[in-house]
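**Student:** What follows is each chain in one-letter form.
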Amino acid sequence: MLTYISRRALYSIPVILIATFLSFWAVRSTFDPTAKVRVSRTGARAAEQIRVRLHLHDSIFEQYGYWLGDAVQGDLGDSERTHEAVGTMMTRAFGNTLQLIGWGVLISALIAVALGVYSATHQYSKLDYTFTGLSFVGLAMPAFWFGLIAIQWLAVWPKETFNLNDPIFYSVGLHSGDQSGMFNLDYVRHLVLPVLTLTVLTIAEWSRFQRASMLDVMSADYIRTARAKGVPRRSVVIRHGLRNALIPLVTVVALDVGALFGGAIITESIFSIDGMGRLFIDSINAGDVQVLTAWVVVTAVFIVAFNLLADVLYGVLDPRIRLS
Amino acid sequence: MTATAIEEPTLAGNAEPVALTQWQLFRRRFFKHKVAVVSVVILILFTIACFAAPLIAPFSNTDQDLLLGAVKPNATHWFGTDTLGRDQLTRLLYAGQISLKIGFAVALIATVFGTAVGAIAGYFGRSVEQALMRFTDLFLVVPALAILAIALKHFGRTDTVVILVLATLFWMYVARVVRGQVLSLKEKEFIEAARASGASRTRIIVRHVIPNIIGPIMVNATLAVAAAIITESTLSFLGLGIQPPDTSWGNMLSDAEGFTGTGQSYLLYAPGLAILLTVLCVNFIGDGLRDAFDPQSEKH
Amino acid sequence: MDNPTATDLPTVAVTGEPTRAPMIGPLLSVRNLSVSFSTDDGIVRAVDSASFDVMANETVGIVGESGSGKTVTSMAILGLLPKTAKITGEITFRGESLIDASERQLEQIRGKQIAMIFQDALAALNPVYSVGKQIAEAIRVHNPDVGKPAMRERCIELLDLVGIPNPTERVDQFPHEYSGGMRQRAMIAMSIANEPELLIADEPTTALDVTIQAQVLEVLERIQDRTNSAIMLITHDLGVVAGVADRVVVMYAGRQVEVGSVDQIFYEPRHAYTEGLLASLPRLDRRADKHSRLHRIVGQPPSLIFLPTGCAFHPRCPHAEVPGRCDSERPELVDVGPAHQSSCFFADRVAAAVKVDQS
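Quick note, the sequences are listed as chains A, B and C, same order.
Just so you know, the working numbering puts 267 at position 267 of the first sequence, and the rest follows in order with no gaps.
The working numbering runs 324 ahead of the 1-based position in the second sequence.
The working numbering runs 624 ahead of the 1-based position in the third sequence.
The set of hints was computed from the structure by calculation and includes no laboratory data.
It cannot be assumed that every hint is accurate.
[Said to hold, decoys possible] A few chain A residues that don't get close to chain C, going by computed Cβ distances all over 10 angstroms:
| # | residue |
| --- | --- |
| 1 | 44 |
| 2 | 66 |
| 3 | 113 |
[To be verified] Sample of chain B residues at the chain A side, in silico, Cβ under 8 angstroms:
| # | residue |
| --- | --- |
| 4 | 465 |
| 5 | 466 |
| 6 | 467 |
| 7 | 468 |
| 8 | 470 |
| 9 | 477 |
| 10 | 478 |
| 11 | 558 |
| 12 | 564 |
| 13 | 584 |
| 14 | 589 |
| 15 | 607 |
[To be verified] Some chain C residues near chain A, calculated using beta-carbon distances under 8 angstroms:
| # | residue |
| --- | --- |
| 16 | 736 |
| 17 | 740 |
| 18 | 742 |
| 19 | 747 |
| 20 | 751 |
| 21 | 798 |
| 22 | 801 |
From the three backbone atoms N, C-alpha and C, an ideal C-beta is built for every residue, glycine too.
Take these sequences, add in the hints, and give me the full structure.
**Tutor:** In structure tokens form, the structure reads like this:
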């Protein structure tokens, strides 16, 4: 098992290096870090300072090398937009996004497994058709539109209709002004709509996947064997069916973490949450090179780490992988 | 004898055996999928309506009526007007031109290119294949939305660029599927036979391989249409896609976002439902195609 | 204790068991069993009025090509057919109906009184649990009180019993770490864990090579000697049945075509299909000259949706009179000897043909 994990970890190092280099290159070739200062009075000199500081006279490979050298020591540079250290901005933003993605993954996975298992064990039942229909709608719906509709009907409409002081579910930020912490009602009321928006697609996708995977497993020979042993149906479904059907889901979940980062861009923009997504939009609009560079690299590392975790979980769940 | 005729099922026994071509079988199965058939009809009508907008739209695309301002849906303005007094139905039809054009163009380019690369990778084996797969892996490591946003910023946010950039992202998925199909097909007898009879590789790919994997290719093409429409609308909604004065459904929703929870929230519904309906139809068609090409999948 | 074998086997599984009542009449009795499935293309008649008995401690071979209804019959006995299956007829086990039994009752019978050995043990064993765990599960379902150490002990003993070398280590291994023959043995160990009265073995040797086949069959026989189980041996291979079975049921296209003792089936077949099956067996006692090439039954097994009229075998039958009785009238199973039945209009012609061949 240990060799298996370390082999996977080693393999992901070049993937990270190449992916981050390409991202770095894409950002540097798209945005000109000197664009802002050049128009000012002292433009030429300031621009030259920046060029020297970011090693823009060197090749892209060397630029990347310098950047990486600083980055591993924790220095991601300063934002041209806010003049804050990029590292500080990222840490703050990452924390908020991580909350969204964490809850999103947890809730999507639980709901998807429950729906998938129900649908597969009650194939062609009314509820199965209902879930399938809903998942089709979920897959066809732009997430941002769902978010807007959710604000309209779950936040604004009840507040106006019942003359409430506050909406039941908030649509701005993760906390009210005077609140903080993760274990209070205020947090939950802020979290519901963004998490719903973030997960509508993943729930639809994963539950369909889980249904197919579960149906596949339930027609396997070893399910018949378990029943022939006299194992009660519920036990067959969970111990033999679900246990095996979870293995492919783990991979799908891990691969979709990247998509969830994309989803966070949308969700955070709609719900004004100070996370990675908003940071990305603000930075791309302002042409904030240092932040953008750090952004793509940090998300890439995070996604690769998640893929690695998926590989590890895969090994834990499937002895055929673990022992080969 | 063409390769497509090989796997025709024959009915044994008393019933008069009816020889059906693959194509007839496919058509019969597709028409059994009622939802898919209805979806085809809706999608065609919808597409015609959008592209015939200059003829059927109630107002001109450039009409504004600042004095009128925003009015709720009524007999004259079925979907209402926005604060500039623009008729939303008219805008919807014109925006549909861009959204649909992007959806179909992306799918077409991605499918043709992806099929070519996938077939080559699958047929010629290891090194091409490895390169392709590693390249695809890289794209899975950075969020697609971020790559797209940066690329659009780089190349400019016109519809042509949006199409090309989205196609660049989507062709790999097609290529992966095609490659897998080709790999399993390569070992089949009739391919061996064609090879043994001296057919060139290009000929084998074009005449024997592609016709046999047209099913998965078409199913994937529908997926690409759906994904392209949604992704474009998302980018445009975020202000990172199509730039005004060009307008897609995503731009309309971007304009409407500020009215969420206000008296003008009706502006949200038409463009959102247009996307939903289009993508739903496309997905149902994909589902119908899948069932028609692969009857086994019905069981799932 | 009138069950002497209980002392031979490790005793965990039988503690607190009521002693088996002496049996009068058949252990398992199948009467007019028909199973059909409706599909998009039409109704598939997988089993068509099958009737046979299995006596206690007896081995019955059920022989036929794939699609002849053997496996569906065994699934029907265990109540494991999908809900879409339409089942008519009677199946009684120790005099009690299995068709009418509730799912709960069936769960108590499955694995305990009637156990099943499946073909393709790699697919039939759950890949994510160790072999020991899977055997233990079979025991625990019916004896929830067995403690962990006793359970492990018992699993090791069972593996040892079926001839798995080094069972103390092997018990913790996963199915994919076993060889094909060992997996099949593990399957057998699992099925006999509760000393069932009836063992249904569905193609237990099909995926294995010939020497391993023989070993697995030998294990089955040894187990039977110890536990006095009855065995229903389902196979497409008459050769497998030859050395093991007491009686043989030959099935074709969902119907029984011939029933008899092993000797009757092998030396006095009275159905053209049995004759064909026999002729396709490689035999040492036949001279290898150019006239005695391996025989093959011509044609394909029929579609179960569009069965040929009359006798389902007539399109492939060398004795058939077509047009005539064979393609117009469905032959019934009739006595052709003591405890020997055939559903062939021309059983005598088959007999004559076999005589010529044997002389």
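**Student:** Indicate, hint by hint, whether the structure satisfies it.
**Tutor:** Hints and how they fare:
Under the 10 angstroms C-beta cut-off, the non-interface status given to residue 44 of chain A relative to chain C holds; the minimum distance is some 67 angstroms. Every CB of chain C lies more than 10 angstroms from the CB of residue 66 of chain A, the least distance being 48 angstroms, so the non-interface label holds. At roughly 16 angstroms from the closest C-beta of chain C, the C-beta of residue 113 of chain A stays outside 10 angstroms, upholding its exclusion from the interface. Given hint, residue 465 of chain B at the interface with chain A, holds; its Cβ is 4 angstroms from that chain's nearest Cβ, closer than 8 angstroms.
The beta carbon of residue 466 of chain B is positioned within 8 angstroms of a beta carbon in chain A (closest approach about 5 angstroms), and the interface hint is therefore held. For residue 467 of chain B, the interface hint holds, since its Cβ comes within 8 angstroms of a Cβ in chain A; the closest pair sits about 4 angstroms apart. Annotation: residue 468 of chain B was flagged as interfacial toward chain A, and the flag holds, the nearest CB pair being 6 angstroms apart, inside 8 angstroms. A hinted interface residue such as residue 470 of chain B counts as satisfied when its beta carbon comes closer than 8 angstroms to some beta carbon of chain A; here the least separation is about 6 angstroms, so the hint holds.
Given the 8 angstroms rule on beta carbons, the hint for residue 477 of chain B holds: about 5 angstroms separates it from the nearest Cβ of chain A. Because the closest C-beta pair between residue 478 of chain B and chain A is about 4 angstroms apart, less than 8 angstroms, the hint holds. A hinted interface residue such as residue 558 of chain B counts as satisfied when its beta carbon comes closer than 8 angstroms to some beta carbon of chain A; here the least separation is about 6 angstroms, so the hint holds. A cut of 8 angstroms between beta carbons decides the hint on residue 564 of chain B: the least distance to chain A is about 7 angstroms, and the hint holds.
For the restraint placing residue 584 of chain B at the interface with chain A, the shortest Cβ-Cβ distance is roughly 5 angstroms, inside the 8 angstroms limit, so the hint holds. Interface hint at residue 589 of chain B: satisfied, since its Cβ lies 5 angstroms from the closest Cβ of chain A, which is below the 8 angstroms cut-off. Evaluation of the residue 607 of chain B hint against chain A yields a held restraint, the C-beta minimum of about 6 angstroms falling below 8 angstroms. At about 6 angstroms, the closest approach between the beta carbon of residue 736 of chain C and any beta carbon in chain A falls short of 8 angstroms, and the interface hint on this residue holds.
Interface hint status for residue 740 of chain C: upheld, as the beta-carbon distance to the closest one in chain A is roughly 4 angstroms, under 8 angstroms. Taking 8 angstroms as the C-beta contact cut-off toward chain A, the hint placing residue 742 of chain C at the interface holds, the least distance being around 6 angstroms. The beta carbon of residue 747 of chain C comes within 4 angstroms of a beta carbon in chain A, closer than 8 angstroms, and the hint placing it at the interface holds. Below 8 angstroms, beta-carbon pairs count as interface contacts, and residue 751 of chain C has one with chain A at about 6 angstroms; its hint therefore holds.
Proximity of residue 798 of chain C to chain A holds as hinted, the smallest CB-CB distance being about 5 angstroms (cut-off 8 angstroms). For residue 801 of chain C, the interface hint holds, since its Cβ comes within 8 angstroms of a Cβ in chain A; the closest pair sits about 7 angstroms apart.
The structure is consistent with each of the numbered hints, conforming to all of them.
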